[in-house]
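Chemist: Based on the provided sequences and hints, a complete structural model is requested.
Residue numbers (numbering that gives the first Met the number 0), protein chains in the order written: chain A, 0 to 306; chain B, 0 to 278.
Don't read these hints as lab results, they were simulated from the structure.
Cβ coordinates follow ideal geometry from the N, Cα and C atoms, glycine included.
Treat the hints loosely; a few may be bogus.
[Stated by the list, open to error] So the derived label-pair ranges between C-beta atoms look like this:
1. Glu177/A / Ser254/B: 54 to 60 Å
2. Arg17/B / Arg13/A: 45 to 51 Å
3. His131/A / Leu142/B: 22 to 28 Å
4. Glu18/A / Asn195/B: 24 to 30 Å
5. Thr266/B / His131/A: 37 to 43 Å
[As the list claims (entries may be wrong)] Capping the alpha-carbon separation at 27 Å, the derived lysine-lysine pairs in DSSO-like fashion look like this:
6. Lys74/A / Lys5/A
7. Lys277/B / Lys127/A
8. Lys197/B / Lys15/B
9. Lys277/B / Lys197/B
10. Lys197/B / Lys125/A
11. Lys277/B / Lys5/A
12. Lys197/B / Lys74/A
13. Lys93/B / Lys15/B
14. Lys290/A / Lys207/A
15. Lys207/A / Lys277/B
16. Lys127/A / Lys93/B
17. Lys93/B / Lys197/B
18. Lys93/B / Lys248/B
19. Lys93/B / Lys123/A
20. Lys125/A / Lys248/B
21. Lys265/A / Lys241/A
22. Lys250/A / Lys265/A
23. Lys290/A / Lys250/A
24. Lys125/A / Lys16/B
25. Lys197/B / Lys16/B
26. Lys127/A / Lys197/B
27. Lys15/B / Lys123/A
28. Lys123/A / Lys197/B
29. Lys16/B / Lys93/B
30. Lys277/B / Lys15/B
31. Lys15/B / Lys125/A
32. Lys5/A / Lys290/A
33. Lys5/A / Lys207/A
34. Lys15/B / Lys127/A
35. Lys127/A / Lys16/B
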Amino acid sequence: MIELEKVDKFFGRRCAVAELSLRVPRGEIFGLLGHNGAGKSTTIGMMLGQVWPSRGRVRVGGHDITMHRTRALQKVGAIFETPVFYDYLSGWRNLEIFSHYTAPTSPQRIREVIEWVGLTGREKSKVKTYSHGMRTRLALAQALLPQPELLILDEPGDGLDPEGIHDMRETVRRLHREFGMTILFSSHLLNEVEQLCTRICVLHQGQKVFEGALAEATQTRNWVRLNTGDFNAAVQRLQQNKLITGSSEGKFITLADGVGSERVVKILVEAGLPVFEIAREERTLESFYLKLMQDNAAAPLPLPPKN
Amino acid sequence: MFLFQLRNELWKLFGKKRTYIGFLIFVLGQTLIVMLFRFAAGPGRQMTRLLELNGFSAQEYISTLTVATFMLFPIAYLLLPLFVSLVGGDFVAKEAEDGTLRMILARPVTRLRLLGVKWAAGAVFALFLSLALGVTGLTLAALGFHWGGLFVANPGEPFSVFGPTAGWHHYVAAHLMLSFKAVTIMSLAFMFSCFNVKPATATILALSFVFVNSILQNIPYFSDFTPWFLTYHLDLWRQMFTQPVPWWKIFQSLSLLAGFNLTFFVTGATAFFLRDIKT
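Modeler: Structural data, given as C-alpha cells:
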C-alpha cells in the first residue's frame, strides 16, 4: 500500500530522514514509532506529498506521490495530531469543505459518516463549541468521507483523555475489522501501538532501526532470567549439558528447544549453584523500544548531498 | 468541482467575523465623510467656491454622486489597500499557520488547483468589495444630498463635471476599474502569503510594496518613470472621471495589471510548489 525506497529528507543541512526504505502491506495496522524529531511526521508528510523527498521514491497505492499525487491520494484519509478546523463554521460545513477537495460528496454520505463517528445532533453547531474528543471524531469523519482504503493517523491520541484514547483504539479496530482498511498509525503511545499494530517500524534520528512484525519485536526466543550465585559458572554447566543455546547481559539464558526451567534448576542445584530466581523473560514493546534507542544512541547522521 | 471548491473558499471568507468588521469600518468611514460634508462648513464651502468660480451651480453639483465620489478617494488610497492586503495575506499563510492547509493537502488536490481556487475567491471578494463600497457610498450620500450632476476635483488633474446620467455611468465605471486595483493588491498579498511567512508579514510586505511604489512615483526625480510604477496603473479608476476618458491609457493599464497579476500568481505558485508543508 505504501512503499518508501531509500528516501532522504534534508531541511537545509539537517537530515530529518535518512535512507528510509519501508513497506506497509495492504490490510495491516502498521505502527510508526520514534521519539520527538525522529522523522515520523516528515515521513508521513512525504507519504502525503506535503514534504518533498530530497532523494528516493515514495509510492502510495502503486502511484508515485511526487509525479501522480492526486491519483495516489484518491483513496487516502488522514488525521493529524491536533485536529484543526474552521472553528467559525459548523461541523457539517467543514466536512463539505474538506470532502470537496477529493470529489463532490452527497449530503447522504456526510450524514452516514457523521452517524458512524457519533456526532449526530451536533453537526450543525460551530466547531468552536466542540470538545477535543468531538474534534477528533470530526477529524475522523473528514478522513472517512472519501471511503479510503488507507488511513494515516499521525499521533491521533495526543491530548485525549484515557476514555478518548480507548475510543480511538476501538475505532481503529472497528475500521480495520469492518472496512478492511490499511492503517498507518504513528504514535508515542507504545501501549496503544502494542495493542493495535500488526507490524511496526521504529525510527531513530531519521533512520530506521527496526521494521517487522510486532510479534518479532516482543518475541523473547525462550529467554529466561536467571539469578544465581555465579552466573558464568552456571552458564558453563548448562552449556555442557546442552540445555541452553546462549546467554546475555549477565542475567539471561536462552533455553534449547524442549527444555523446561525445572531441568535447569535441577542441574544447577546438583552442581551446588544456588538459584535465587528463574523466570521466563516477557519483553514488552516498551523494553524493546528502549533497548533499540539505547543501542542506536550514537548513530551518526548523513550529510546532505552535494549539488 | 472548481465551482464547489470556489464556493467553499467563499464560505470560509464570508464566514469570518473579521470580513464584516472590516466592511463595517469602511461604512463608518463613509458615514463620517458624509457627515463632515453635511454638517461641517469646510469641505462644502471649498467645493462651492470652486464650482462658482468656474461658472457652475453649486446647488446642482453638490449632490449624491459628488459626495459619493469625494469619499471614494480616501477609501481607495487607504482603506481598500489595507483591507484587501489583509484578506490576500491570509489566504495561504493563515491556513498554513492554523494547520488547515495540512488537512487540505492530505487530499488529492494539486497545489496549483488549490491556489487557483483561492485566488479566484480573492478576486470575487475584491470585486464584491469594490461594488459594495460604491453602493454603500451612494446610499449614505443619498441620505444627506439630492440627486444631481457629478463634480470631481481629481487631484493633479483638471476638475470634471458631468450631468446626472453621465455622472452615474462614470461612477459605476470607476468602481469597476477600482475592482482591478483591489484584485491586484490582493494578488500581491496573496503572492507573499504563498511563501513560508506569517499572515501579518504577507500583509505588511504587500502594503509596503504599494506605499513605497506610491511614494517613489510622486517624487519629482522619478516623474519620467511614472508609467513604470505599479501604483500608476492602480489609479486607472481615476481616469474614469477625466474628460474625455483616455481609453487607450486605461487599456494599457488594464493589460499591465493583468500582467502584474499573472506574475504575482506564478511567483506565489512557484514558491508554494517548492515548499514543504509541515506543522
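Chemist: Can you give the numbers of the hints that this structure goes against, from lowest to highest?
Modeler: Violated hints (numbers, rising): 2, 3, 12, 18, 20, 28; every other hint is consistent with the structure.
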